[in-house]
Amino acid sequence: MKKLTPFVISCLLVFGVAACDNASKTSESAPSNPNEAPQAPSANTTEASQKDAQSEVRRRQLNEDIRAREQRNNATGGDAKRAKADLESEVRSKLEANIPKGQLTVNAADDGVVTVAGTVTNQQELAKIEKLAKEIKGVNSVVVKATVSTVTN
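Counting with mature numbering (1 follows the signal peptide of the UniProt record, and there is no 0), you get residues -19 to -1, 1 to 134 for the letters of the sequence shown.
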């Protein structure tokens, strides 16, 4: 027992030193200097990410996520009084899925009033905003401050 105690203490100390080693990198792409600004993604990476975000698969995923949230909400009592963050998140997802090229922001108030601002690419998308937002349970009214973008890319 007298030989085992120093061995156990030594193992704990070695383990403690190894566990407390402050390795700040979490991946190979982490900067070697923590004060260094992150590098901007390349144009190809940005374009690929944008195409993925606007794909039909992504739209279906967002709609399924919204449907799952609504089912969970209904399972927990179906309370129509929702937290502002929940309303904002669900409306944002709904708009992102159905108006993929829009640059929209969503703000919700405690009384279920949702304000949507930003730009869309055409009048049809602008007309869809209110209808899509009202599909989310807990949205009482929608204030649309969005406009049709006149900038062409």
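Treat the hints with care, as some may be off.
[To be verified] In silico SDA-like links for lysine to any residue, alpha-carbon gap of 25 Å or less:
{"hint": "1", "residue 1": "K112", "residue 2": "N25"}
{"hint": "2", "residue 1": "K109", "residue 2": "I47"}
{"hint": "3", "residue 1": "K118", "residue 2": "N88"}
{"hint": "4", "residue 1": "K115", "residue 2": "N79"}
{"hint": "5", "residue 1": "K115", "residue 2": "A64"}
{"hint": "6", "residue 1": "K(-17)", "residue 2": "N25"}
[Stated by the list, open to error] Label pairs and their calculated CB-CB ranges:
{"hint": "7", "residue 1": "V38", "residue 2": "Q104", "range": "14 to 20 Å"}
{"hint": "8", "residue 1": "I(-11)", "residue 2": "E45", "range": "28 to 34 Å"}
{"hint": "9", "residue 1": "Q42", "residue 2": "S(-10)", "range": "24 to 30 Å"}
If you are wondering where the hints come from, they were derived from the structure by calculation, not from laboratory data. The beta carbon of each residue, even a glycine, is placed where N, CA and C say it ideally should be.
Legend entry - Numbers of unmet hints, in rising order: 1, 6, 7, 8 and 9
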